[in-house]
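Now for the letters of each chain:
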Amino acid sequence: MSETMTAETADHPGARPAANERGRANHKASSIEMQGLHKRFGRDTVALDGVDLDIRAGEFFTLLGPSGCGKTTLLRILAGLEEPDAGSLVVGGKNITETPPHQRSVNTVFQSYALFPHLSVRENLAFGLKMRGMPAAERHTKVDEIADFIKLGDLVDRHVDQLSGGQRQRIALARALICEPDVLLLDEPLSALDAGLRSQLQVELLRVQKRLGMTFVFVTHDQQEAMVMSDRIAVLNGGTIQQVGAPREVYERPVNAFVARFMGHDNLYTISARKSDRLITALGELTAEDAGNGELLLIRPETLDLLPGAVEGPNHLTATVAERLYRGSHAEFRLAIGNTTLQATVNNRGRHLPEVGETVTVAVAPEDLVTLHE
Amino acid sequence: MRKRTLARGLAGIWWVTLFFLYAPLFVIVLFSFNSANSTAVFENFSLAWYRRLFGNEQIINAFGNSLVLAVSSSIIALVIGCLIGYGMYRHRHRKLGWLIVLIYLPIVLPDIVFGISEMTFFVQIHDWTGLLQPGLGTMIIAHVTFQIPFVALIVYSRFVGLDPTLFEAAKDLYASPIKRVVHFMVPTIKPALISAFFLSFTLSIDDFVISFFTAGPESATLPIYIWSAIKKGVTPEINAIATLMIGAVAMAAIFSMLFNRQGRR
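In the order they appear, the protein sequences are chains A and B.
Numbering follows full-length UniProt numbering, in which position 273 of the first sequence is assigned residue number 273; successive positions increment by one, without gaps.
Numbering follows full-length UniProt numbering, in which position 71 of the second sequence is assigned residue number 71; successive positions increment by one, without gaps.
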């Protein structure tokens, strides 16, 4: 769990790209305000149960959650493909709750790509412009421009069924971008691709978004992907928003057990007693600093230090190595402490990595402890 | 060894089947070029029967009727069947069991039952209202009714084979409802439409039983003419008509197949 690097290292968050960059970045971005969105399917299935959400102009915003959490329904409401039962949707200051999809300046990159099989790649790219009544010559120029921008090369003159998955994905992205919408929606666009291509396209997608400064709303169930890509993330569960924040915030300070588990955390312990900053859990007694008043203690595996042997000290726990997973750059440990276990991740800096059965001491920094609610 | 015998046996069934399917057609085509007035002994190659055929006004009329009937009924069936096929697709998630049976019924119903009931129905309406005088009009209605199920099913299966998000992509890319029909739906199912048209055309040209019961005195089609002519015995002239029909139907069938294959590409 050391891959917490976010887009911030590559690009300053929120920084607007230079206005003259390829002449494309001057596109105006729109903010989105959602208020009290409700949606149910049939009688019993509640897809959205009161969603209030503000998305800033030019933001790469991700809706993250397990399947059935409402993230796709929310995206479809933004696209106009689904009508909310209640609530309002304002994009760029305009209330478009009732506007049909073909009249919204919102475009979608679909999970299945949805390229028209009866059209060539070029005609697919020009479809939106043609429907909006742009003359053929102008459309041709626009297609060449976007092909250059997304680096499609000679793909433009192929037939749709001659394309690979990754190529289809890029055509689908280009087909949506060419319309220069106020907001671009992406419905798990990378989920059908293999891991290598996927991370390559993640980077590409991120660069495109930064260069255009367009508002992107991205749906995924993959928390790693969400952290890499997003300026901010909304975690959804059961049709409600659990937490909204920057990737570091959501990962390092999850507000509840659901968010913590969904972000990949396993080290959650019920606090049985607390005396100011001293927390008693199944692990023993630990001193925390500024940990909040939740009833669960979260310990991130990568904040732990392992010392060989039993070493007495403040916030030191004596443990036995139950399992070691060597991963090259780092190693993951499952440690037995009393009747419970603790996960720890240690960077491989060439030093001694404890073996299974070895007694170690876990050193916990008070400021790394976080408490949260169930 | 045993495997080889089995394979040979299966191949044998195939060749015997082909023989019984195509030998009679071959004989008819062959004897249509016979110079003698015989359907048993082939003398010399000749186009005499074809010349006689094109000089026969009754045949030319019947051919014209067949063509008008096939083209107009196929066009009408295409439009209505297409709408029904789309409707079936749109409402495919509801329970449609009985509706599907309603659509299928004319396909499985014996033609003779269908023909007789159409005739009775048309005669009654004619008695009450004076409308629906037996003739080309009633034949077109009858043909359209048996063509519609085929068109609807072809169109429906084409729509079912599409990625449903294509409809959403069209909406998302600024296509209004009318533009969606013109620029997305019709072009997408075009191969199915062409294939359905040729199939309807073939069914109509082919049909004898239903045409026979719904025809008027002036509206004999080629099959009806052949049937009445054959009462005087099979002449090489009939062979010539049959040969032309084989050619026409084969062409329609090939077109239908080609376009359908293109659509499935």
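The hints are simulated quantities; they were obtained by calculation from the structure and are not laboratory data.
In this text, all values refer to a predicted model and were calculated from it rather than measured experimentally.
Glycine residues also receive a C-beta, built at the ideal position from the N, C-alpha and C atoms.
Careful, some of the hints might be misleading.
Lysine-lysine pairs mimicking DSSO-like chemistry, simulated, CA-CA at most 27 Å apart [unchecked claim]: (1) Lys179/B <-> Lys190/B; (2) Lys151/A <-> Lys28/A; (3) Lys130/A <-> Lys151/A; (4) Lys142/A <-> Lys179/B; (5) Lys142/A <-> Lys28/A; (6) Lys28/A <-> Lys94/A; (7) Lys130/A <-> Lys232/B; (8) Lys190/B <-> Lys130/A; (9) Lys142/A <-> Lys130/A; (10) Lys190/B <-> Lys94/A; (11) Lys130/A <-> Lys28/A; (12) Lys130/A <-> Lys94/A.
A short, non-exhaustive set of chain B residues, derived as facing chain A with CB atoms under 7 Å [stated by the list, open to error]: (13) Glu168; (14) Tyr174; (15) Lys179.
These are the hints, each one checked on the structure:
1. Lys179/B <-> Lys190/B: holds (15 Å)
2. Lys151/A <-> Lys28/A: Roughly 23 Å between the alpha carbons, so the hint for Lys151/A and Lys28/A holds.
3. Lys130/A <-> Lys151/A: Holds, because 22 Å separates the two Cα atoms, which is no more than 27 Å.
4. Lys142/A <-> Lys179/B: Cα-Cα ~21 Å, so holds.
5. Lys142/A <-> Lys28/A: holds (18 Å)
6. Lys28/A <-> Lys94/A: holds (14 Å)
7. Lys130/A <-> Lys232/B: violated (64 Å)
8. Lys190/B <-> Lys130/A: holds (20 Å)
9. Lys142/A <-> Lys130/A: It holds: about 11 Å lies between the C-alpha atoms, which stays within 27 Å.
10. Lys190/B <-> Lys94/A: violated (39 Å)
11. Lys130/A <-> Lys28/A: holds (22 Å)
12. Lys130/A <-> Lys94/A: Answer holds: Lys130/A to Lys94/A is near 24 Å, not above 27 Å.
13. Glu168: With Cβ-Cβ at 5 Å, under 7 Å, it holds.
14. Tyr174: At 4 Å from the nearest chain A Cβ, Tyr174/B passes the 7 Å test, so the hint holds.
15. Lys179: holds (6 Å)
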